[in-house]
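Asker: Residue-level listing of the chains:
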Amino acid sequence: MRLDSRAGKGQHTNITATEKTEMYRHEQQKEEPELTDGLEAARCELRRAWLQLGYADIEGARASCARAKSLEPDHPLPPSIEGAIELAAGNLRQALAKLRAVTKRWPDAPCGHVYYTEACLLMGRFKQAQRALDKADEADTQEQWTEQRQDLRELLENLDASALPAPLELETLGVNA
Amino acid sequence: MPKINNNASANANLAMEQQRANETSDRKEKFGKVFSGVATVALKTTATVAPLVPGGVIVGKAAEGVQRLRENRPGGLGDGPQDQIDKMWAMQQENQVFNMQYMQLQQSIQADNRNFSTMSNLLKVRHDTAKSAINNMHA
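Those protein sequences? They're chains A and B, same order as listed.
Anchor point for the first sequence: position 18 equals 18 in this note's numbering, and the numbering is continuous, going up by one each time.
Count along the second sequence starting at 1, add 1000, and that's the number in this note's numbering.
Check the hints yourself; a few may be wrong.
Said to hold, decoys possible - Derived lysine to any residue pairs resembling SDA-like cross-links, with alpha carbons at most 20 Å apart: (1) B:LYS1131 / A:GLN142; (2) B:LYS1131 / A:GLY60; (3) A:LYS69 / B:LYS1044; (4) B:LYS1131 / A:THR21; (5) B:LYS1124 / A:LYS127; (6) B:LYS1131 / A:SER162; (7) B:LYS1131 / A:ARG131; (8) B:LYS1131 / A:THR146; (9) A:LYS135 / B:ALA1133; (10) A:LYS69 / B:ALA1139; (11) A:LYS135 / B:THR1129; (12) B:LYS1124 / A:ARG67; (13) B:LYS1131 / A:GLN144; (14) B:LYS1131 / A:THR141; (15) B:LYS1131 / A:LYS104; (16) B:LYS1131 / A:ALA89; (17) B:LYS1131 / A:MET123; (18) B:LYS1131 / A:THR16; (19) A:LYS69 / B:ALA1039; (20) B:LYS1124 / A:GLU147; (21) B:LYS1131 / A:GLU19; (22) B:LYS1044 / B:ALA1021; (23) B:LYS1131 / A:ALA139; (24) B:LYS1124 / A:LYS69; (25) B:LYS1061 / B:ALA1039; (26) B:LYS1131 / A:GLY124; (27) B:LYS1124 / A:ALA88; (28) B:LYS1131 / A:PRO165.
It should be emphasised that the hints constitute simulated quantities derived from the structure, not laboratory data.
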């Protein structure tokens, strides 16, 4: 005999094990709604990927990003984040190729241009970075990337290119990140 | 953000300072030797010529005395204090060089600090922007 919270005050009901399980599932769903929406699921995967990147779990981040891409194949953010992960891993050539593809496919998406600017900057391609940043400025109509664009602009304007060492590439060092 | 780097000009300044110190030290050494030679010759001449001059016997004795004193002292006349002055001079020069090096080190550390905080801010902005972009992801 249990007191059912859904039942009237003081009313005692008999609840079977199946009912209990069902109730538990219902409560769980209320707390964590099932990710039926592809966009929501992709967002969750990207969050996971970013978190994994923070813990230097590059492989995990790549896998999460790949899942996000498969969930939302027409969204520019998952491949952009994938490029950012490659940048963080030090695979500059791969990152550059991926991000260039993003900017070609989604020319109006600021995220691709911003990360492409970063990749060019790290590769020592300053003029290309400048052009990419100009495109990012044009594309970022919602001003979601303002701060990062401003930082990149400041960096590009004050950069003494002659004082910088050659870009460090893990591929050339024989390291597989 | 400040421009990265003026280490080359600082190094050039340091090298010039050291060269100048060396040149000055060489010049002082040469001057000391020449002066010592002149003093020796003057004392000998005075000792030789003094008896010929009326009343010059005392001067001659004095010159001989000074010459003897110079010969008996290690390093000759005036070399002891000169050595000390040279050493002090060299120490002062070294001190200046150390000060320059210390200043250079301080500048370098400050530049490193500035670069570190700039990079730290950049990374934070980068992380936060990406996070908010993911959170605001919509079709």
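Asker: If a hint holds in the structure, say so; if it doesn't, say that too.
Answerer: Structure-based check of each hint:
Distance restraint check for LYS1131 of chain B and GLN142 of chain A: the Cα-Cα separation of roughly 16 Å lies within the 20 Å cut-off, and the hinted pair is therefore satisfied. For the given pair, LYS1131 of chain B sits about 17 Å from GLY60 of chain A by alpha-carbon distance, which is consistent with the 20 Å threshold. As the CA atoms of LYS69 of chain A and LYS1044 of chain B are separated by approximately 102 Å, the hinted pair breaks the 20 Å bound. Straight-line distance between C-alpha atoms of LYS1131 of chain B and THR21 of chain A comes to about 36 Å, which puts the hinted pair past the 20 Å bound.
Of the pairs offered as hints, the one joining LYS1124 of chain B and LYS127 of chain A is violated, with about 25 Å between alpha carbons and a cut-off of 20 Å exceeded. Proximity of LYS1131 of chain B to SER162 of chain A is assessed by CA-CA distance (about 33 Å); at most 20 Å being required, the pair is judged violated. Using a Cα cut-off of 20 Å, the hinted pair LYS1131 of chain B and ARG131 of chain A is violated, with the two alpha carbons roughly 25 Å apart. Distance hint between LYS1131 of chain B and THR146 of chain A is fulfilled; the C-alpha atoms sit about 14 Å from each other, no more than 20 Å.
Our distance criterion of 20 Å between C-alpha atoms is met by LYS135 of chain A and ALA1133 of chain B, whose separation comes to about 18 Å. Restraint check for LYS69 of chain A and ALA1139 of chain B: the C-alpha separation of about 13 Å stays at or below 20 Å, so the hint holds. Between LYS135 of chain A and THR1129 of chain B, the direct Cα distance comes to roughly 18 Å. Compliance with the 20 Å bound is thereby established for this hinted pair. Proximity of LYS1124 of chain B to ARG67 of chain A is assessed by CA-CA distance (about 26 Å); at most 20 Å being required, the pair is judged violated.
For the given pair, LYS1131 of chain B sits about 11 Å from GLN144 of chain A by alpha-carbon distance, which is consistent with the 20 Å threshold. At most 20 Å may separate the alpha-carbon atoms for a hinted pair to count; LYS1131 of chain B and THR141 of chain A meet this at roughly 18 Å. Under the criterion of a C-alpha separation no larger than 20 Å, the hint pairing LYS1131 of chain B with LYS104 of chain A is inconsistent with the structure, at around 24 Å. With a CA separation close to 18 Å, the supplied pair LYS1131 of chain B and ALA89 of chain A stays within the 20 Å bound.
Straight-line distance between C-alpha atoms of LYS1131 of chain B and MET123 of chain A comes to about 24 Å, which puts the hinted pair past the 20 Å bound. For the given pair, LYS1131 of chain B sits about 45 Å from THR16 of chain A by alpha-carbon distance, which is inconsistent with the 20 Å threshold. At most 20 Å may separate the alpha-carbon atoms for a hinted pair to count; LYS69 of chain A and ALA1039 of chain B exceed this at roughly 95 Å. Of the supplied pair hints, the one linking LYS1124 of chain B and GLU147 of chain A holds, its CA atoms being roughly 11 Å apart against a limit of 20 Å.
Restraint check for LYS1131 of chain B and GLU19 of chain A: not satisfied, since their Cα atoms lie roughly 40 Å apart, outside the 20 Å limit. Distance check on the hinted pair: LYS1044 of chain B and ALA1021 of chain B sit about 35 Å apart at the alpha-carbon level, beyond 20 Å; violated. Pair hint LYS1131 of chain B plus ALA139 of chain A holds up; C-alpha atoms about 19 Å apart against a cutoff of 20 Å. Our distance criterion of 20 Å between C-alpha atoms is broken by LYS1124 of chain B and LYS69 of chain A, whose separation comes to about 25 Å.
This hinted pair checks out: LYS1061 of chain B and ALA1039 of chain B have alpha carbons roughly 16 Å apart, not beyond 20 Å. Proposed proximity of LYS1131 of chain B and GLY124 of chain A is contradicted: the alpha carbons are some 26 Å apart, above 20 Å. For the suggested pair LYS1124 of chain B and ALA88 of chain A, the alpha carbons sit about 14 Å apart, so the restraint of at most 20 Å is met. A C-alpha spacing of about 30 Å is found between LYS1131 of chain B and PRO165 of chain A, which places the hinted pair above 20 Å, so the restraint is violated.
Hint compliance for this structure: hints 3, 4, 5, 6, 7, 12, 15, 17, 18, 19, 21, 22, 24, 26, 28 are broken, all remaining hints hold.
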